[in-house]
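Can you build the whole structure from these sequences, using the hints too?
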Amino acid sequence: MRATEVGSGERQEIQSYDSLQVASHGAAKQVRSHDGPGMEAPSAAAPRGEGQGVRAGDWAMTPGLSAAMGLDSSGQSAASAPARPVQRKAVATPQWATMVASLDETSSSENLTVRIAMTPGGASGAERAGADGAGPASGQQAGGPQAQAGGQQGQQAGGQQGQQTSERAEDQLDEPIIDSLDTIAATIGYSGSITQGGITLGGSEFGRTDSAPALKNINITQGSGAFTVTATYELTTKWDTRKGTGPGGQKDIPDENAAALTKTNYPTAVSDLTPNMSDEGGRPPRTQFWAQDLTERHEKVHAADHQRTAKEGLKQALTWLTGQTASTKTEVETLLATLRSKIVQYIIANGAGSVGELHAYGDGAPSYKARAEAIKKKGDGGGYP
Amino acid sequence: MSTEVPVVIASGSPPAGTPYAAREAALSQHLLEHNGFAVSRMGTLRATESAHPALRVAAFHLLAETPLDEDRELFRHALSDREGAVRAWAAFGLERLSPGAGAPTLRALAAEPLQFAEYGPLIAAAALARLGDAAGLPAIQAAMSNTDEPVAVVQRLYWFAPLGREELWPLYERALEDARPGVRPLALLQLRQLAAPKATAVLERFAASLPADAPESLALRELLAERGAE
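Going down the list, the sequences are from chains A and B.
The opening residue of the first sequence carries number 1 in the working numbering; numbering runs sequentially from there.
The opening residue of the second sequence carries number 1001 in the working numbering; numbering runs sequentially from there.
It should be emphasised that the hints constitute simulated quantities derived from the structure, not laboratory data.
Hints are not guaranteed to be accurate.
Here are the computed distance ranges between Cβ atoms for each label pair [what the hints assert, rightly or not]: (1) A:Gly-382 with B:Asn-1146: 18 to 26 Å; (2) B:Pro-1113 with A:Thr-330: 23 to 31 Å; (3) B:Ser-1145 with A:Pro-385: 55 to 63 Å; (4) A:Thr-262 with B:Ser-1145: 52 to 60 Å; (5) A:Thr-330 with B:Arg-1107: 29 to 37 Å; (6) B:Ser-1040 with A:Gln-222: 44 to 52 Å; (7) A:Pro-366 with B:Thr-1066: 50 to 58 Å; (8) B:Glu-1112 with A:Thr-330: 40 to 48 Å; (9) A:Asn-219 with B:Leu-1210: 45 to 53 Å; (10) B:Glu-1204 with A:Asp-380: 39 to 47 Å; (11) B:Lys-1198 with A:Pro-267: 36 to 44 Å; (12) B:Ala-1021 with A:Lys-378: 17 to 25 Å; (13) A:Pro-366 with B:Glu-1226: 42 to 50 Å; (14) B:Val-1039 with A:Asn-257: 39 to 47 Å.
Covered stretches of chain A (chain B as the covering partner; in silico rule of three or more C-beta atoms under 8 Å from a C-beta of chain B) [claimed, not checked]: (15) 203-215; (16) 279-292; (17) 316-330; (18) 363-377.
None of the values given here were measured: they were computed from a predicted structure.
Here a beta-carbon is modelled for each residue, glycine too, at the ideal position from N, C-alpha and C.
Here you go:
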């Protein structure tokens, strides 16, 4: 009987609030352009039964899917397009906005005061463009010219009326609507855990490692020129393996002295446990024999990779986040949604997906090779009954 | 506060013997399966509507690998997805269905600068290569020199091999020298499956640099001996 390194259900805290922080830079007071830098609204599509606790096959056809397939609810000829995530409205920056922004570059005042001689006609055109812009295409195309037209009208009119209005401009015109694009100072701690158990293995799986991310304890506050975000990024990693017998009835070979080995079957055991270096970096064939302890080691490599890449991803995501700006708390929340997605995709790309198996099988290859060689040595020496 | 979309990040192996050309799709399928989507075309279609970008990326990847005429509209819609990787796969699928319909999007994406955890440009560059267009190779070359995510770049080198471009092989040489996790094994996996003489030459140089008792060393020598005998 062997002792596993981590007992079933044992929770191993490997990282505890290892705080990662990227300091914000100075506040950037700007005129809001209404099509913020890289900002996009969260998907309008609600999660549809995906995620943990949802079993394969446990689904229903959504209206969007039906439409995409050209079917209605009865499975026949629907014409409507599938629902797609809604894009954030994009509206061109009004002309006055550019003017104000240029003033801002030289302003050292926190409370920006803008004094521009502008006729009511010009102002209204610009404001209308800023307020009424529609979706991504129409907003850009319609809003831009509209704003320009307004500005041009204003300038042209100003040429005629400017002398009359300039003296009273400060009093006459409302201050343009100015939103602050505040920077973001984020302190997001990392909390990772690795637990054996809690995995339902598939029919052909020797073992598996799953991780579930979550951003918790989120607190967003708006200060002078900056949002401050605090949160905790959690990655809960679970792994498990078969116990004793492999998915296809394979016998466990913990070492060369395993009782299951005989003088007739040991060559197969040697072959089964010899890493195939042309397959996933060293996957052993394991047709009749397997090694639970080396499979456990394999899953632990996965678990460590998930945690490592999550932490790396969080660090890079924080750098990304502090390069963003936001006008509202809602926009900060949207940025946090993007941050979560980026970290997940980073983990998949660098720790779980394409290279995860290569790393884990490569890590185990010397151990598998050593075990296969030990069995061969004992078997060739007549050591098995 | 926006609701977090749950996702399970699942490690899993492609079936034994899966060629590299099908490996990434197998991993996408694995991801969807462990997030509750049936291993079927219907399951994949349903995943295209996921609120989680990573799952949409996997779904459109699978659809683009075996595009059907009835996917055309879905691909067109996805060209405006906010996730660049989704747009790249959709454009690839669309281009395969209707030559000329997706290539402009792919070229535009491949020219975009690389950003953290945004793989659209790399997917687009590789997709162009799969279509016989080397337009994405400069982006790949630049990315090899200037990225914190070499795995994502090396993952795509394979698709450039059929184009017969000499610039590819130095990229593999560099990948084999890269000690960052996963980079070398990924390059080796591809080189093992590339029959080009240049690939064999790269492997020979690498094998000569390995300790004789390394597991990889013996296997490589066997592989190279087989190639030499052919």
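Hint check results:
no.	hint	in the structure
1	A:Gly-382 with B:Asn-1146: 18 to 26 Å	violated (59 Å)
2	B:Pro-1113 with A:Thr-330: 23 to 31 Å	holds (28 Å)
3	B:Ser-1145 with A:Pro-385: 55 to 63 Å	holds (60 Å)
4	A:Thr-262 with B:Ser-1145: 52 to 60 Å	holds (56 Å)
5	A:Thr-330 with B:Arg-1107: 29 to 37 Å	holds (35 Å)
6	B:Ser-1040 with A:Gln-222: 44 to 52 Å	holds (47 Å)
7	A:Pro-366 with B:Thr-1066: 50 to 58 Å	violated (39 Å)
8	B:Glu-1112 with A:Thr-330: 40 to 48 Å	violated (27 Å)
9	A:Asn-219 with B:Leu-1210: 45 to 53 Å	holds (52 Å)
10	B:Glu-1204 with A:Asp-380: 39 to 47 Å	violated (32 Å)
11	B:Lys-1198 with A:Pro-267: 36 to 44 Å	holds (38 Å)
12	B:Ala-1021 with A:Lys-378: 17 to 25 Å	violated (41 Å)
13	A:Pro-366 with B:Glu-1226: 42 to 50 Å	violated (23 Å)
14	B:Val-1039 with A:Asn-257: 39 to 47 Å	holds (40 Å)
15	203-215	holds (count 9)
16	279-292	holds (count 6)
17	316-330	holds (count 4)
18	363-377	holds (count 3)
Figure legend: structure checked against the earlier numbered hints; hints not met, in rising order: 1, 7, 8, 10, 12, 13.
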